[in-house]
Structure formats: structure tokens, C-alpha cells
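**Student:** The chain contents come next:
2 protein chains.
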Amino acid sequence: MLFIIVDCKTSSARICAMPHLKKATPENASVNKRILDTALDLFVERGFHNVSIHDIQKQANVSIGSIYNHFGGKEGVAKALYYHLIREMEELVKDVVDEGLGYRESCNRIIYMLFEYTETKRNIIAYVLHAKHQEFLPDEPPICSSTPFKTMRNIVQQGIESGEIREGDPWVIASSVFGGAIRLIHLRLDGVLKEPLPKLYDELIDCMWQGVTPAAIQESVA
Amino acid sequence: MLFIIVDCKTSSARICAMPHLKKATPENASVNKRILDTALDLFVERGFHNVSIHDIQKQANVSIGSIYNHFGGKEGVAKALYYHLIREMEELVKDVVDEGLGYRESCNRIIYMLFEYTETKRNIIAYVLHAKHQEFLPDEPPICSSTPFKTMRNIVQQGIESGEIREGDPWVIASSVFGGAIRLIHLRLDGVLKEPLPKLYDELIDCMWQGVTPAAIQESVA
DNA sequence: GTCTATATATGGATAGAC
DNA sequence: GTCTATCCATATATAGAC
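Going down the list, the sequences are from chains A and B. When the letters of the first sequence are read in order and numbered with our numbering, they come out as residues 1 to 222. When the letters of the second sequence are read in order and numbered with our numbering, they come out as residues 1 to 222.
Do not take every clue at face value.
Unchecked claim - In silico PhoX-like links for lysine-lysine, alpha-carbon gap of 25 Å or less:
hint, chain 1, residue 1, chain 2, residue 2
1, B, K94, A, K132
2, A, K132, B, K132
3, A, K79, B, K132
4, B, K194, A, K150
5, A, K94, A, K58
6, B, K132, A, K194
7, A, K132, B, K74
Stated by the list, open to error - Only part of the chain B face toward chain A is listed, based on derived beta-carbon distances under 10 Å:
hint, residue
8, V62
9, G168
10, R183
No lab work stands behind these hints: they were computed from the structure. Each residue gets a CB set at the ideal place from its N, CA and C atoms; glycine is no exception.
Given the sequences, and given the hints that come with them, work out the whole structure.
**Tutor:** Right, here's the structure in full:
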């Protein structure tokens, strides 16, 4: 379920901040939210092209007319979702950055947050990281060129410049930092990996930093 | 273009073994091959659901009837492609294993091969690693549970047992080994990363092994 | 085995009442 | 702004000639 849609600010970046008591009641939620909510569920479950306007209409308990009024069609719904969720992620990443923890720790927090989300808000992560948007939103830029991902690469870049992270090609280093985590998320979303991701966090982080820590720091620790 | 379809054995695992002179001539190729060939191109370019039987029919210069005769429909084409390409990858991985290079070097070779393929046989990699098969082949197992991927994880597992690779949760280690490479492939396929992957190989491999080399070996090298 | 013509279903989109 | 009924394009699948 989405709490974020109406106002991104309300969903702070607190890790684990799941308002369990808020009992999502799709019936009395705003039409707008109900549409986006069920669209997310359906798109993730079946894929964009296997979901019809009629399906959304039925499951969201709204009329086709409303969907067209609000979003101009199925693609419009997908696009709205796309930008809402990117913005949601952007907020989360930004909040981590604003904590001013240092670049390495920022990367850790982002990875942990992604792992948590994969377990508790699976569909959001699935839609952002797993969907092939190019196939139904051909005019939108690919997700990995969106702000949150840019910000993540930026953190790595600054980490390199500050000496916290090993030098090298920015793409290689960024992929070395986040690639393992993203791979685990994909495996988890595909149902191949049975273990909850947070359990694997410590070990992954350990491997990862051993790979991209500058030699200087590596020695000083040893 | 596909050389593999008709007989997987013919396309050996030689890296860079591109028979440039063979001049792919879709006109006189077998109907079967022509269908699969153009289907791959179209599916990768537009996505499965944005390609109609008629599109394949036109571009492959065959009739709709032929497509149904050979594959039973669009889904049949996609499924045949899926298994052909998985088998192709499996052959490549198997050939690497058969060289008996040791587990670390085997991982390197596989990554290099994937990088090469991404540049020279882009659509094959895109279809195998980038497509969301669950959305059009809901009854097939996810690609990451297919043999080539299992074999890759198996190599890592044996590497761990032999002491060549650092101990830890198999999923974490495997993701640490291949995650960065797969991430780079995705970035490249999305067009975000402009550099050819083989150029980044050395650096990636370096980062990667620094992360997952056992402490014992690490010290002995230093 | 290959082709064309056609049937049938589905789903996106609109019109117009409330 | 919300709804229902309807239109129309598209795409899968089949039938039947060659």
C-alpha cells in the first residue's frame, strides 16, 4: 500500500517507519489514491500490458471515466506512478544525504533502506527497479538516469574525491558499490532468494567495502 | 543476428568468435531461423507486447500461417527464443568450465564473455538479462533460476569450498561476484553508460576480487 | 508446409447522462 | 467529477485454398 502518493513529505525517510495502525482502507481513500494504489498492485503482479483499464476500474471501485479524468488513460496512470515513486525514492535518498553521515555510511543507509523496502513495500521497489518502463513509457528517460540514481552515483563520486572510496572509473565504482545489493533485490523479487534481505545486509556490506575501500584505509584498519 | 538457433554446438564459446564474413542473409535462411531472428530483434527493440504477429510476419517475410505452424503463436516464438538463448548461454558457461581454469578465472571469463556479447550480440543479452519474461511467459521459471545462472552460482560455491573465494552466504558472495558486472550490463543496455564494457573489465575485476578474496590470499599477495 | 482472408475477442477511448 | 454504454481499432487465431 502507498502512503506516499498524496504528499511525499509525509513519508519521512525513517527506516522501518511503517505506520501499521493506519489501516489502509481503499474504500474511503481518495479516488486518485485508489487508482494509483491498485494500479501499482496490478502492474507489478501482472505487468503493465496484462492489465486493462477495466481491471483497474473494477479493483479500484471507480469508473473508467474517472481514470480518464484524472490521468488521461492507462499510460497516464503508469506515468504518474512512475514519477510519484521516483520522487518518493528521491526523498529517501535525499534524507539520507542530509543526515551528513559521510559518503560510505550514506551508501550503507541507502542499501539498507532499499532492502527494508523490498520486504515491506515490495511493489514500490518492484515497480521502480524491476519493471521495464521503456516498454510502456517509451518517452520517459530510463529509470537509472533519474535523480535518485544520479544522486547515488553522486555520493559515490564525492566519496572518491574525499578519499573515502577507492579511485577509479565512476561507473565501475558505483556499480561495485550498489551492484551486489541490486542483484540481491532482483533475486529476491523473482522469488529465487528465500531469505529476507536485511539478514544479508551485514555480510554484503562487508564484501562490498572490502572491494572499494582505498588501499590506505584498508591497511590502517588491518 | 543469431547464428546459434539452428545448432547450438556450432557457436563455440570462443570469445570474439564473430564470423563476420558469414554475411547474414535473412532472405535465404530457413523459415524457422528467420522467424526467431526477427522476433528477437523486434522483441528487444519494442518489447514483446508491442510486437504483433503481423509485425514479425512482415519483417521476416513469412506468412502468419508459418508462424503458427512452427511455433503455435507469438508466445510460442518467445518461448522458443527463451530456451534457445538460455541453452546458448549454458553452452558458453559450460565451455568456460570445461577449460578447467580454476574457479576465479572461470568467473572472470564468464564476465568477459558477457561483456563481449553485450557489445557484439546485444539483443541476445538484452533478451536474456533485460527482458521481463514473467510478463509474457508466466509459466516459465524466472531466468535467474535457469541452468546457466545456476552453474555460475555453482562455480562460486565450489570456489568458496576450494578456498579460492571468500566464505559467506552463497547468495551474497555470488551477487558480489557477478552483481557489479550485471549492473554495468544493465546500464549499458539502457544507453546510460556510453563506454564499451570490455574497457571497464579490468577495473571491475580488480574491485570485485578485492571484495571476495579470502583474507589468507589477500595477505600473501600483499 | 505455406499462404490469404476472415472470424472473434479484447481493450483503449469517447460521448453524453447524472 | 463521476458514471455507463458504446464505438472502433488492433491483434490473435483459424479456416481453407494452393
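**Student:** Each hint needs a verdict: does it hold in this structure or not?
**Tutor:** Going through the hints against the structure:
Distance hint between B/K94 and A/K132 is unfulfilled; the C-alpha atoms sit about 30 Å from each other, more than 25 Å. This hinted pair checks out: A/K132 and B/K132 have alpha carbons roughly 7 Å apart, not beyond 25 Å. Only pairs whose Cα atoms come within 25 Å are accepted, and A/K79 paired with B/K132 is accepted, the gap being roughly 19 Å. Of the pairs offered as hints, the one joining B/K194 and A/K150 holds, with about 15 Å between alpha carbons and a cut-off of 25 Å not exceeded.
Distance hint between A/K94 and A/K58 is unfulfilled; the C-alpha atoms sit about 37 Å from each other, more than 25 Å. At most 25 Å may separate the alpha-carbon atoms for a hinted pair to count; B/K132 and A/K194 meet this at roughly 20 Å. Proximity of A/K132 to B/K74 is assessed by CA-CA distance (about 20 Å); at most 25 Å being required, the pair is judged to hold. Look at B/V62: its Cβ only gets to about 24 Å from chain A, farther than 10 Å, so that hint breaks.
A cut of 10 Å between beta carbons decides the hint on B/G168: the least distance to chain A is about 5 Å, and the hint holds. The criterion of a C-beta within 10 Å of any C-beta in chain A is met by B/R183, whose closest approach is roughly 3 Å, and the hint holds.
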